[in-house]
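**Q** What follows is each chain in one-letter form.
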Amino acid sequence: ILNVEQSPQSLHVQEGDSTNFTCSFPSSNFYALHWYRWETAKSPEALFVMTLNGDEKKKGRISATLNTKEGYSYLYIKGSQPEDSATYLCAFPYNQGGKLIFGQGTELSVKP
Amino acid sequence: ETGVTQTPRHLVMGMTNKKSLKCEQHLGHNAMYWYKQSAKKPLELMFVYNFKEQTENNSVPSRFSPECPNSSHLFLHLHTLQPEDSALYLCASSQDFQGNQPQHFGDGTRLSIL
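Listed in order, the protein sequences are those of chains A and B.
The first sequence maps to residues 4 to 115 in our numbering.
The second sequence maps to residues 910 to 1023 in our numbering.
Chain A with its partners taken away, still in its complex shape (with noise of 0.2 Å):
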């Protein structure tokens, strides 16, 4: 059974912090990693799909970075605004189809 773990569950910082957190996940047949955010009464909204490793991806003031051979991807945010408070959720395809595994997020509330 795959297990994708995110960490912290949740983090709260003020307005301007740069922030950042941890999805791992099995290193072993890596395909791809998936990043996606999710804000309150909205979908899930992909950010990245990272498929190299040592890959750093930007989207804005959101960073990632991967690490296939040790399993994990770190997601930044820089100069936090309060429109980034949602939960980061990352996730790991099966067998490299479209069936993904999800960690449990983690839940980011910035404060103005």
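Calculated from the structure, these hints are not laboratory results.
For every residue, glycine included, the Cβ atom is placed at its ideal position computed from N, Cα and C.
Possibly wrong hints are sitting among the right ones.
One side only, chain A facing chain B, incomplete, derived with CB under 8 Å [to be verified]:
1) 43
2) 45
3) 47
4) 57
5) 101
6) 102
Coverage of chain A stretches by chain B, computed from C-beta distances (three or more under 8 Å per stretch; other residues unrestricted) [stated by the list, open to error]:
7) 20-33
8) 48-56
9) 106-112
Assemble chain B onto chain A, guided by the hints.
**A** Chain B in isolation, oriented as in the chain A frame:
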């Protein structure tokens, strides 16, 4: 607007009722998914359809019955549900059933079983 529309947004039903959840995607995708999210649990895949064929049934009880009449529409038929089935049900789609493609989600149906 994600291109994936789910109806209804909220549904309250008794254990003996029959109802259906509907999902429609306007993205030209070939794979569609049903997910369940219960309180304090990760998103859990229920069913996958790829080119209208069911490719995954993640040990879901038979009181949940999916239907995919074409690549754009997906239904989840509900019958004699249990209180523990109260959850958020999300539909998603992707270009194909490949693990390196992002999935596009609807807003979900919040289901409450009385």
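**Q** Each hint needs a verdict: does it hold in this structure or not?
**A** Results for each hint:
no.: 1; hint: 43; in the structure: violated (11 Å)
no.: 2; hint: 45; in the structure: holds (7 Å)
no.: 3; hint: 47; in the structure: holds (5 Å)
no.: 4; hint: 57; in the structure: violated (17 Å)
no.: 5; hint: 101; in the structure: holds (4 Å)
no.: 6; hint: 102; in the structure: holds (6 Å)
no.: 7; hint: 20-33; in the structure: violated (count 0)
no.: 8; hint: 48-56; in the structure: holds (count 4)
no.: 9; hint: 106-112; in the structure: holds (count 3)
Of the hints listed earlier, those the structure fails to meet are numbers 1, 4 and 7, in rising order.
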